[in-house]
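*Asks:* Take a look at the letters that make up each chain.
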Amino acid sequence: MAIEANGKTFETDEEGYLTNLGEWEPAVAEEMAKEDDLELTDEHWEIINFLREYYEEYQIAPAVRVLTKAVGKRLGKEKGNSKYLYALFPYGPGKQACRFAGLPKPTGCI
Amino acid sequence: MSEQIKKFMYINRRAPYGTIYAWESLEVVLIGAAFDQDVSLAFMDDGVYQLIKGQDTSEVDMKNFSPTYQALGDYDVTKLFVEKESLEERGLTLEDLMPLTYEDEDDDWAEKASIRLVSRAELADILEQQDVIFSF
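Chains as they are written, first to last, in the numbering used here: chain A, 1 to 110; chain B, 1 to 136.
Calculated directly from the structure, the hints in this document are not laboratory data. Just so you know, these numbers come straight off a predicted model, no measurement behind them. Treat the hints with care, since some could be wrong.
Stated by the list, open to error - Not close to chain A: a few residues of chain B, all C-beta gaps over 12 Å, as computed:
#1 A34
#2 D46
#3 V60
#4 T68
#5 K84
#6 L92
#7 S114
#8 S119
Said to hold, decoys possible - List time: in silico BS3-like cross-link candidates among lysine-lysine, alpha-carbon distance up to 25 Å:
#9 K77/A <-> K95/A
#10 K95/A <-> K63/B
#11 K7/B <-> K73/A
#12 K34/A <-> K79/A
#13 K105/A <-> K63/B
The C-beta atom is built at its ideal place from N, Cα and C for all residues, glycine as well.
Model the full structure from these sequences, guided by the hints.
*Replies:* Okay, structure coming up:
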């Protein structure tokens with residue numbers, strides 16, 4: 001599979017996750033969101049950027065409950081709950097947001 | 001239906017690179033952490049090398065996954081037993097290992113050390129208390 005963004009072709013796996021993490025650019029997230037009928041707002045980007053930083057630091061995409069806790073700690077309690085995160089990413093803040101961020105499928109998401 | 005919490009122990013006794021055991025073990029731990037069990041890890045023999053500071057895999061063509069051990073605390077995996085004799089036999093001390101920590105939810109998020117140095121005899125007692133043991 002592949003996704004077209006910014007005039008380039010990006011290879012993805014069968015679940016739509018980017019094959020090569022290093023290729024990611026913001027346009028990829030925009031395009032993936034469009035395919036999911038979502039428009040990315042600053043609130044979405046805050047989570048996407050947070051996930052990219054988390055991956056940079058720990059080399060894994062966090063499970064959704066870990067993400068929720070970490071967001072609460074770093075971005076504030078009002079954001080560290082599943083209601084807030086699911087409102088932004090209806091297909092699951094772990095899976096969908098990690099996909100937009102160019103990360104692999106979360107480790108420990110069952 | 002009452003959910004019974006079991007004690008799960010993951011034993012790591014091989015060097016981190018060269019085989020896939022260490023990384024596989026870490027992934028199983030992270031996935032298993034979703035089941036809310038009482039999880040501990042033990043590092044003995046060459047397994048102690050998994051926790052060594054300053055790992056650099058640029059010449060062995062494997063991902064350096066050592067930063068992922070820092071995430072264990074986020075997954076509520078907070079008990080990493082390291083066997084003292086295994087360290088000593090390799091000329092290592094606690095100072096050579098990554099300073100892994102977790103934040104204790106029940107103690108106002110105080111940062112605490114995850115690594116607990118235990119003797120071979122103490123580790124044997126800990127293993128005795130487990131319900132399930134995975135060996136990697």
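*Asks:* Check the structure against each numbered hint from earlier and tell me which ones fail, lowest number first.
*Replies:* 1, 4, 11
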